[in-house]
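2 protein chains.
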Amino acid sequence: MHRSYPNFSFTVESECQEGTKARTGTVSTPHGLVQTPAFIFCATKAAIKGLSAETMKECGSQIILSNTYHLLVQPGGEMIEKMGGLQKATRWEGPMLTDSGGYQIFSMGHGSVGNEIKGRRGAEGGAEFAPSLVSISEKGARFKSYYDCSIKSLTPERSIEIQRQLGADLVVVLDECTPFHVDKDYTKSSMHRTHRWAMRSLREFIDGDDGTQALYGIIQGGVYPDLRNEAVEFVNKAPFFGIAVGGSLGADKATMHQVVSHTMANVRRDRPVHLLGIGGIADIFHGVRQGVDTFDCVHPTRLGRHGGALVKASFWTREQELEEERANQDAAAEAAAAATAEEEASIGGDTMAAGVGASKRKKRRRSGDVRKKRHPVVPREHVNLLKGRYREDHRVIDEDCGCPTCRGGYTRAYINHLGRAGELLGGMLVSQHNVFFMNELMTSIRTAIAEGRLAEEEDKWLAPGLRARDFHKRAAAEAAAAEAVKAAAGEESGESHH
Amino acid sequence: MHRSYPNFSFTVESECQEGTKARTGTVSTPHGLVQTPAFIFCATKAAIKGLSAETMKECGSQIILSNTYHLLVQPGGEMIEKMGGLQKATRWEGPMLTDSGGYQIFSMGHGSVGNEIKGRRGAEGGAEFAPSLVSISEKGARFKSYYDCSIKSLTPERSIEIQRQLGADLVVVLDECTPFHVDKDYTKSSMHRTHRWAMRSLREFIDGDDGTQALYGIIQGGVYPDLRNEAVEFVNKAPFFGIAVGGSLGADKATMHQVVSHTMANVRRDRPVHLLGIGGIADIFHGVRQGVDTFDCVHPTRLGRHGGALVKASFWTREQELEEERANQDAAAEAAAAATAEEEASIGGDTMAAGVGASKRKKRRRSGDVRKKRHPVVPREHVNLLKGRYREDHRVIDEDCGCPTCRGGYTRAYINHLGRAGELLGGMLVSQHNVFFMNELMTSIRTAIAEGRLAEEEDKWLAPGLRARDFHKRAAAEAAAAEAVKAAAGEESGESHH
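As they're listed, the protein sequences go chains F and E. Residues in the first sequence are numbered from 1 upward in steps of one, following my numbering. Residues in the second sequence are numbered from 1 upward in steps of one, following my numbering.
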C-alpha cells in the first residue's frame with residue numbers, strides 16, 4: 001500500500017548542533033503552515049474554553065485540535081459537516097487536527113486510572129466527563145454517550161468517516177489507548193489489534209481521500225521497550241503522512257521521558273512526529289530533543305482557567321529577590337522595634353517598660369506593621385495567582401510578557417480578586433497569557449535550535465531544578481549509581497550469571 | 001447647602017420635536033464623556049461577566065458600573081483603592097458609576113420578592129446570591145456577608161467612603177429600596193429615612209470631595225404618586241449633580257411605565273437622570289420619552305450568557321418570511337406527494353396502489369423529507385439561540401449587525417452547539433452581540449431624537465406589538481374604556497357622588 005499526500009508536506013529546515021535530535025521544520029496543510037516544533041491547543045468541543053478564535057490568533061497560535069469523541073457525542077459529525085467543517089464553524093480557519101476518539105473512549109473510561117495516564121495527577125487530570133466503555137471487539141468499540149446515554153459504536157472506518165465530516169487537516173487512526181496498569185500480555189494483544197485497526201483506518205481514508213486531509217499513525221506499546229519497537233516498525237512502514245506517539249507513557253515523569261526517548265530512537269525522520277497529550281515545559285524540551293515536532297495538551301488553558309499562570313525562570317529570580325528584600329525589611333523593622341523597646345525600657349528605668357515595648361512589638365507584628373513570614377518561594381513551571389500572597393501584588397504576571405493580559409496591564413491583584421469572586425474573566429485573562437506563553441516558548445525553541453543554543457534557551461524557561469536536561473542527567477546518574485550498587489552487590493555475593 | 005461639581009457637567013444638546021421629553025446630551029466626567037441617552041453595563045464585581053474591557057470598548061460602550069455591595073463584601077473598598085481604583089484595576093479607564101450598596105442589601109434581601117422588583121420575573125430575575133439583612137436602624141443597615149458570613153454594617157457615611165475608595169466618577173447616596181409588596185406607611189417612613197440618609201451622604205461626600213466624583217440623589221416612594229412627588233421635590237432641591245429614579249416601580253410593566261412617567265413629570269431638567277435597573281428595549285424607549293438620560297441593567301449580558309440574543313424588528317420579518325417559504329415548500333412537497341400517489345394509483349389501476357402511495361407519503365413525512373411543522377414565530381425583544389430550531393441555522397444572528405460575533409461569521413448553529421456543549425464561548429459571543437446591540441440602539445436613539453424621528457426609529461427596534469408607544473396607547477385606551485364602563489355603570493345605577 002502506497003500513499004502520497006500531494007496537498008501536504010513536511011520539510012525539515014534545521015537540525016540541532018548540540019548533539020540532540022531537535023529540529024525545526026514546516027508542516028504545510030491546505031489551511032496554512034505550521035512551523036515546528038509547535039504546540040497544538042485543545043478546542044475539545046470545537047471551542048477553546050473561554051477564548052475566541054480571534055484571541056487565539058492574537059496570541060500567536062498556529063494550530064488547534066478538536067476531539068472526535070466529544071463531537072460525535074454532540075453535535076455529531078454530520079452537524080459539523082453541515083456547518084461547513086470545524087475550521088469554518090469555529091472561525092479558526094487555520095490548520096487543525098482531530099484525534100480518532102479512541103483515547104477518550106478507552107483510557108478515560110478506566111475512571112480514576114485515566115488520571116494516571118501520561119503521569120497526570122490530581123486536579124490537573126480531573127476528567128470532566130465519564131465515558132463508559134461497553135465492549136471492545138475486533139470490529140471496534142461500543143460505549144455509552146455521556147450526553148444522552150445512548151449506546152454508540154466506533155470502528156476504525158466510522159472514526160475516519162466522522163473525522164472527514166469534521167474536516168480537520170490532520171486526522172488520526174483509531175487506536176486503543178491502554179492505561180499503564182494493564183499487563184504486558186493485554187498491552188501486546190491490544191497493540192496488535194490497534195495495528196489491524198490502523199490498516200483499516202488507512203484503507204477507509206484512502207477510499208474517501210479528496211486531498212484535503214492527511215493521516216497520522218499511532219505508536220502504542222505501553223511502557224514495554226520491545227512492544228514500542230514493534231509499534232515503531234509498524235508505523236515506519238505504513239504509508240502515513242505523520243506519526244503520533246500515544247498510549248501509556250508510564251506512571252511517573254521519569255518513565256515518561258524514558259518511554260519517549262526509547263520510542264523516538266527509531267522513528268523515521270522524514271515525517272512529522274506528534275507527542276499526544278504532553279504539555280509541560282520540561283517535557284516539551286525533553287520531547288524536542290528526542291525529535292518530536294508537535295505537542296498537544298489541555299494543560300495551558302485548563303491551568304489558566306484555574307488561575308495558574310505559566311512563568312519563566314526570571315519570574316522566580318524576581319520573586320526570590322523580592323522575598324529577600326522583604327526579609328531584610330522585616331529584620332530592620334524587628335531591629336527598630338527592639339531598639340524602641342530598649343529605649344523605652346531605659347527611659348522607664350524598670351523592667352515593666354521593657355515589657356510594654358515587647359508587647360507593642362508583638363501588637364505591631366500582629367497588625368501587619370512588620371510583614372508576616374511568607375511561605376518560601378519554591379519555583380514551579382506555573383504560579384497559582386489565586387494564592388493569598390498575590391492579593392496585594394500590583395504587578396502584571398510578567399512585565400516582559402507581550403500577551404494581551406500582561407501588555408494590557410491586568411495586575412496579579414485584580415486577577416486574584418476575579419478568581420475569588422468567581423468571575424470568568426480571571427480564567428480568560430490567565431488562559432490567554434498561557435496560550436501566548438506556549439507560542440512564545442515554541443518560537444524561542446525554534447530559533448534556539450536554528451542558532452544551536454537550545455540548552456541556553458532552556459535556562460530562560462525553566463528555573464534550576466526544573467530543567468529536563470538536569471532531570472535527565474540526574475536520572476542517568478541515579479541509574480549509573482544503582483547499576484554500580486548492583487554490580488558491587490553481585491561481586492560481593494559472588495553470584496555472576498555471565 | 002450648595003454644591004458645584006467643577007470637573008463634571010451635563011449639557012442638553014437637542015430636544016425631541018415629537019412632543020415627548022426625550023433629549024440628547026453629554027455627561028462630562030474626569031474619565032471622559034458619555035453621550036446620552038446612554039446604557040450603562042454592569043461590571044457587578046469589577047468585571048463584565050465573560051467580556052474584557054477591550055471587548056467592551058470594541059463593542060462601543062461608553063460607561064460601565066460596579067456594585068458597592070459586592071465589592072465591599074469582596075475584596076473590599078480598601079483593596080480596590082490599593083489597586084488604584086476601579087478604572088485602573090479593570091483596565092476600563094473610562095467613565096464609571098457605582099451604586100450605594102443599598103439596593104442589594106435591602107431589596108435582594110427580601111428573597112423571592114427581590115425578583116419582583118422592577119417587574120423582573122423567573123430566570124431573568126434569579127438572584128445569584130442571597131444577602132441577608134440583619135437590621136435597619138436610623139444609623140444604617142447591618143447585614144451578613146454572603147462571602148464569609150461576617151456581620152457588616154453600611155451607613156450613609158460608610159457607603160460614600162467605600163465609593164470614594166472604589167473611585168468611580170458617578171456615585172450614589174445610600175437609600176433603602178423597598179419591594180412593591182410593602183404597604184404605603186412603611187414605604188413613606190422608609191422614604192423619609194432615605195432622605196435623611198441622602199443628606200448625610202451628601203455631607204460626607206462634601207467633606208471628602210476632591211473633585212474626582214459627582215453625587216446622584218435617588219427618588220424613592222414606591223408606586224405611590226404622592227410619595228414620588230415628595231421624593232422628586234426633595235432631590236430637585238438638594239445639591240446633587242444627578243438624579244436617579246429608584247425603588248419599586250411596581251409588579252408589572254404597565255405600573256412600571258406609569259410610575260416612571262409620573263415620577264419624571266416634575267424632575268428638574270438641568271441634571272442628568274438615571275433610571276436604575278431598567279434595560280428592556282421598549283422600557284428604554286418609554287424612559288427616553290419621559291426624559292431619562294441613562295439606564296443600567298444586567299439584562300443584555302445575563303441574557304447573552306444564556307444564549308438570548310437581542311434582535312431588531314427586521315429579524316422577525318425575516319423569520320416570518322422564511323417560515324412562509326417553508327410552509328410553501330411543505331405544501332408543494334405535500335402536493336407532489338399526493339400527485340405521485342394518484343399517479344401510482346392510476347398506473348396500478350387499483351385502490352391498493354393508492355394505499356401504498358399514501359403510506360409512502362406518510363413515511364416521507366416521518367423521515368423528514370417533508371419539513372416538520374415548526375412552532376409559530378412569535379416576536380420578542382430577544383431570541384433564544386439554544387432552541388432546537390437554530391440547530392441547523394447557518395446564518396449569523398443578524399447579517400446587518402456589525403458586532404464582533406455577527407461580523408466574525410459565528411453562526412446560530414455554532415452558537416447553539418456551544419450552548420448545548422456548555423462552552424463559555426457561546427455565552428461570550430452572544431453577550432458581546434448584546435452589548436454592541438445596546439450601544440447601537442442608544443446611538444440610533446440619539447440620532448433619531450436629534451433628527452425628530454424617534455417614533456420611526458422605534459419601529460426598527462421593536463416588532464409591532466412590542467412597541468412602548470403602542471403599549472402606552474393601548475394602556476390609555478384600556479383605561480379610557482374602563483372609565484367609560486365605570487361611568488356607564490354609575491349612570492345606570494344612578495349612583496353619583498358629584
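Hints were generated in silico from the structure; no laboratory data involved. Watch out, some of these pointers could steer you wrong.
As the list claims (entries may be wrong) - Distance condition first, Cα-Cα at most 30 Å in a straight line; then the derived DSSO-like pairs of lysine-lysine:
# : chain 1 : residue 1 : chain 2 : residue 2
1 : E       : K21       : E       : K82
2 : E       : K486      : E       : K473
3 : E       : K473      : F       : K88
4 : E       : K57       : F       : K57
5 : F       : K387      : E       : K387
6 : E       : K473      : F       : K144
As the list claims (entries may be wrong) - Derived coverage of chain E by chain F (criterion: at least 3 residues anywhere in the stretch with Cβ under 8 Å from a Cβ of chain F; other residues may be distant):
#  : segment
7  : 6-15
8  : 44-50
9  : 205-217
10 : 465-478
Since the structure is predicted, the reported quantities are computational estimates derived from the model, not experimental observations. Glycine included, C-beta positions come from ideal geometry on N, C-alpha and C.
Are the Cα positions of K486/E and K473/E separated by 30 Å at most?
Roughly 20 Å separates the two Cα atoms, so the pair holds.
Need the status of pair K57/E, K57/F: alpha-carbon distance at most 30 Å?
holds, 20 Å
Okay, the segment 465-478 of chain E and chain F, do three or more residues pass the C-beta test at under 8 Å?
That given contact is violated, which follows from only 0 residues of the segment 465-478 of chain E lying within Cβ reach (below 8 Å) of chain F.
Holds or violated: are the alpha carbons of K473/E and K88/F at most 30 Å from each other?
Violated. K473/E to K88/F sits at ~47 Å, over the 30 Å cutoff.
30 Å Cα cutoff - pair K21/E, K82/E:
violated, 43 Å
Just to be careful, I want the Cα atoms of K387/F and K387/E compared with a cutoff of 30 Å; is the pair within it?
violated, 41 Å
Count residues of the segment 44-50 of chain E with a Cβ under 8 Å from any Cβ of chain F, then say if the count reaches three.
This one holds; 6 residues, not fewer than the three required, reach chain F with a Cβ under 8 Å.
Between K473/E and K144/F, is the straight-line Cα distance small enough, at 30 Å or below?
Violated, because 57 Å separates the two Cα atoms, which is more than 30 Å.
8 Å C-beta criterion, at least three residues: is the segment 6-15 of chain E covered by chain F:
Three-residue rule not met by the segment 6-15 of chain E, so violated; n is 0.
Within the segment 205-217 of chain E, is the number of residues with a Cβ closer than 8 Å to a Cβ of chain F three or more?
As far as the segment 205-217 of chain E goes, the hint is violated, because 0 residues have Cβ atoms under 8 Å from chain F.
Hint compliance for this structure: hints 1, 3, 5, 6, 7, 9, 10 are not met, and every other hint is.
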